Amino acid sequence: RMAAAPPSYCFVAFPPCSKDGLVVFGKNSARPRDEVQEVVYFAAAAHEPGNKVECTYIEIEQVPKTHAVVLSKPSWLWGAEMGANEHGVCVANEAVVTREPASESEALLGMDLVRLGLERGATAKEALDVIVALLEEHGQGGNYFEDGSSCHTFQSAFLIVDRNEAWILETSGKYWAAEKITEGVKCICNQLSLTTKIDAEHPELRNYVRSQGWWNGDSDFNFSEVFSIADDHLACCSGRESLEKQGGDVSAQAMIDVLRDKDSGICVDSESFLTTASIVSVLPQDPSFPCVHYFTGTPDPSRSIFKPFIFVDDVKLVPKVQSPSFGNDDPAKKIPRFQEKPDRRHELYKAHEWARSLLESDQDKGQKLMRIMLDLEKQGLEAMEDILTRTEVLDPAEVVDLFYDCVDTELKFFK
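Basically my numbering = 1-based index in the sequence shown + 1156.
Just so you know, not all the hints are guaranteed correct.
[Said to hold, decoys possible] What follows is a set of in silico ranges between Cβ atoms, one per label pair, in the way DEER data are often shown:
(1) 1208 / 1368: 27 to 37 Å
(2) 1521 / 1255: 44 to 54 Å
(3) 1498 / 1541: 38 to 48 Å
(4) 1538 / 1215: 41 to 51 Å
[What the hints assert, rightly or not] Pairs of lysine-lysine residues, derived as BS3-like cross-links and limited to a Cα-Cα distance of at most 25 Å, are as follows:
(5) 1521 / 1418
(6) 1281 / 1353
(7) 1568 / 1506
(8) 1506 / 1534
(9) 1418 / 1534
(10) 1330 / 1353
(11) 1330 / 1175
(12) 1472 / 1506
(13) 1489 / 1476
(14) 1568 / 1208
(15) 1472 / 1489
(16) 1472 / 1568
(17) 1506 / 1476
(18) 1472 / 1490
(19) 1330 / 1472
(20) 1330 / 1208
(21) 1418 / 1401
(22) 1175 / 1534
(23) 1401 / 1336
Hints in this document: simulated from the structure, not taken from any laboratory.
Keep in mind it's a predicted model, so treat the numbers as computed, not measured.
A virtual CB, placed ideally from N, CA and C, is assigned to each residue, including glycine.
With the sequences and hints as input, model every part of the structure.
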């Protein structure tokens, strides 16, 4: 059993650390090396009373209205590693190990809770309330990986962000604690990080840990110390320093640079894990400006490009970053699960594989291709910078094809 949680990194930077009234959010999703992530958009929708929603392993009650969401998700499951909704809420999760073994019985996955929080919460706090209520009702559990030979289970931590504040939510079973952040830089990775500053918690949390003999009730209540295995709760974030060094200038570009950093371990490329997708979101604190969400849709951000997405009505769908659908024949949906692994690669992923082999076989050509790609990315970043600094209101028609066109241009370069 792969005991170690995959070392994903999530960041948020608030003024005064970030640029001119912007909240900047980022995540590298570290997952099994061969797993494909897709980038998908779902429009806002109204649902009939009594409707159900089929999550990765279980079915739960649907709500009357779900918000529009854009998600970066492992293509075999229902939930997401990270994403955003139309109200400027961003959520990312981390698999964590606590002293409480995570349940193997199928319930909600941490990744399902990311998507449910985004679909149902119009603010960061609402998304948090949604997640903890669902945790209480359905619990968390089931295999985190598409692996028929063994069950990998974890507890979950979340970074939940909107234009005004962020919440770090850490869970063990149905128990949880959360800290609210409104300034500076915060990083979470695959270890518990909450200590004694707790701004919200499960009503029975302290009674529960006392009954387990994990806390005597006299000392300060320190969530990581109580729930971590032995000495596991070390500060894990080298990325925070690099962002703090930016001295009030954390921008989308600065966040992208941090996510690309292999030396620090933030960009994971190890025997078992790879950064299979990345996201950076820029949330202006002034609500008259749109939020911009950049997705790679491909592995290894140091060899991928970040492409912008903005929520507008009738945004153009991008099938080229969507994995094929296998419907009810999907081995992830049949019991016993994962008896075979279908080819889930989307068009951009395949093109990217070709580019990667070029980078490895022909240094000169590879470098040249990478320079063209980064130039393309820079054009996107500059165009977004322009949208976020101009005075006139954004015309939705201007960005309805934005993400589609960026993916299309990237594919053309690969061809």
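For the pair supplied as a hint, residue 1568 and residue 1208, is the alpha-carbon distance within the 25 Å limit? violated (41 Å)
Check whether the Cα positions of residue 1418 and residue 1534 lie no farther apart than 25 Å. Measuring from Cα to Cα gives roughly 21 Å; hence the hint holds.
Satisfaction of hint between residue 1490 and residue 1472, Cα-Cα up to 25 Å: violated (32 Å)
Between the alpha carbons of residue 1472 and residue 1568, is the straight-line distance 25 Å or under? holds (18 Å)
Keeping to a limit of 25 Å between CA atoms, is the pair of residue 1330 and residue 1472 held or broken? violated (38 Å)
Taken at face value, is the distance from the CA of residue 1476 to the CA of residue 1489 at most 25 Å? This hinted pair holds, its Cα atoms lying about 23 Å apart.
Does the alpha-carbon distance linking residue 1330 and residue 1353 stay inside the 25 Å limit? Measuring from Cα to Cα gives roughly 20 Å; hence the hint holds.
Pair hint residue 1521 and residue 1418, alpha-carbon separation not exceeding 25 Å: The hint holds at about 22 Å.
C-beta pair residue 1498, residue 1541: status relative to the range 38 to 48 Å that was hinted: Holds: the Cβ-Cβ distance is about 40 Å, inside 38 to 48 Å.
At the C-beta level, are residue 1208 and residue 1368 separated by a distance inside 27 to 37 Å? About 35 Å separates the Cβ atoms of residue 1208 and residue 1368, which means 27 to 37 Å holds.
Given the hint that residue 1472 pairs with residue 1506, does the C-alpha gap stay at or below 25 Å? holds (22 Å)
For a C-alpha distance cap of 25 Å, please report whether residue 1330 and residue 1175 respect it. Judged against 25 Å, a Cα distance of about 37 Å means the pair is violated.
Consistency note: the structure conflicts with the earlier hints numbered 11, 14, 15, 18 and 19.
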